[in-house]
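Quick note, the sequences are listed as chains L and D, same order. 14 is the number of the first residue of the first sequence in the numbering used here; add one for each residue after it. 152 is the number of the first residue of the second sequence in the numbering used here; add one for each residue after it.
Errors might be hidden in some of the hints.
Ranges between beta-carbon positions, derived for each pair [what the hints assert, rightly or not]:
(1) D:E279 / L:A297: 39 to 49 Å
(2) D:E227 / L:D241: 40 to 50 Å
(3) D:A304 / L:G245: 54 to 64 Å
Chain L residues, not near chain D, derived (Cβ > 10 Å throughout) [claimed, not checked]:
(4) N17
(5) P49
(6) N71
(7) G174
(8) V184
(9) R213
(10) A283
Simulated pairs of lysine-lysine, DSS-like, Cα-Cα distance not exceeding 27 Å [claimed, not checked]:
(11) D:K222 / L:K100
(12) L:K145 / L:K100
(13) L:K52 / D:K303
Derived by calculation from the structure, the hints in this document are not laboratory data. We treat Cβ as the ideally placed atom computed from N, Cα and C, and that holds for glycine.
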Amino acid sequence: MIANSFEYSAPGSLKEALALLAEGAKPLAGGMSLIPMMKLRLANPEHLVDIGRLPELNYIREEGGAIHIGAGVTHFEVESSPLLLGKCPLLAETAAYIGDIQVRNRGTLGGSVAHADPSADYPAALHALDAKIVLTSSEGTRTLSTEEFFLDTFTTALDPGEIVSEVIVPVDAGLTGTSYQKFLQPASGFAIVGAAARVRQEGGKFTMVRVGVTGLSGNGYRARNVEDALVGQDVTDANIKAAAALVADGQDASSDLHATAEYRAHLAGAYTARALRAALSRSA
Amino acid sequence: MRTINVSVNGKQYSHEVEPRMLLIHYLREVIGLTGTHMGCETSLCGACTIEVDGKAVKSCTMFAVQADGAKILTVEGLAAPDGTLHPIQEAYWTEHALQCGFCTPGMIMITKQILERNPNPTEHEIREGLDGNLCRCTGYQHIVNAVRTAAKAGA
């Protein structure tokens, strides 16, 4: 399978790359989603700008109580970063679930986020983390919440000429417990359903709950109904089960040859409960 | 067309390529190294696994132009110049870790990455590491044994 012909540029700086993108070129990062689509001729960009090797997009650093991750950081670098493993283990744990070693060696955080595959793993974690997505174009930079960024299936708030340049996640040291639980499609490794949970407890009550879900419907989402059902309530398994059972409410669950909508909704409840229990066991 | 400069198995090459040329086609058809196999062409089977700058990648899902300036290692680069097999190749041989052999170049290359990152993996870690490589003959048990044997040999 051979892609359509295209022009290829590998600029040495982000500024040059953004100038080419402003003229209508499309970005290529790790290529783990784009190249298969080009081979199937589902995507036929005329001009690709390789942003996968720009040093300006390749960093993980702690700054002002948050962790800033350049969009060009690979899944392998996310899963193995001592800073993330220590201070934002949910993102590292989630990255380790993506695809296989070869895909994690090439695929990038920014590329996956920008692609917004409804079965991708990151959206669940990023919703649960209250992450911020930084978008950059030749015109400037803006910062969006995950709910402002992920709009629909393969659809984000990115404007033409704009790229995801950075993802900002909180420092989750100490009292916060987190977990990502995934039921995967064994051939592709994609999530049939994935649930990320992030909890704090004090005096036997939930004081903070965040739940992010992927795979269930056409767009990953933050399950605010589950969060609201738990905050302020006693930490009991009955409360977890009852809250997790709400996770698919109001969602248009997807159906395909791997799982019916009904089965997906059931899995979402079960995996949300698992994620909440595992997160709880890791909270102080 | 674009000019790329790459090092493959320690040898320097420079060629003009079309941007859409996949890295595996470059290796097999331009350089003539046919040890790397094209299996599924959809980045599922892992038969085309090689190393680019020390990282295992599927060469059917990378354009040759993306490898400009990189150091590439293919299965042909593992054995010593005198033909002595690499300990991982030796382990695949002694454990009968192949039947038809089509997946073997990719299996051997991913085994190298698994053991570099985790020199003493558990069976579960080995199977997880082999996740991106399909074998339709062996049922995987002998491949898992080979990875373990290679680990013991300090590969």
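Results of checking the hints against the structure:
1. D:E279 / L:A297: 39 to 49 Å: 30 Å, violated
2. D:E227 / L:D241: 40 to 50 Å: This hint is violated: roughly 59 Å between Cβ atoms.
3. D:A304 / L:G245: 54 to 64 Å: Because 58 Å falls inside the window, the suggested range holds.
4. N17: For N17 of chain L, whose nearest Cβ neighbour in chain D is about 7 Å away, the distance does not exceed 10 Å, so it is violated.
5. P49: 6 Å, violated
6. N71: 13 Å, holds
7. G174: It holds; G174 of chain L is separated from chain D by about 21 Å at its closest Cβ, greater than 10 Å.
8. V184: Label holds. Min Cβ-Cβ 26 Å, cutoff 10 Å.
9. R213: Given that every Cβ of chain D is farther than 10 Å from that of R213 of chain L, nearest at about 31 Å, it holds.
10. A283: 22 Å, holds
11. D:K222 / L:K100: 33 Å, violated
12. L:K145 / L:K100: 16 Å, holds
13. L:K52 / D:K303: 40 Å, violated
In summary, the structure is inconsistent with hints 1, 2, 4, 5, 11, 13 from the numbered list given earlier, while agreeing with the others.
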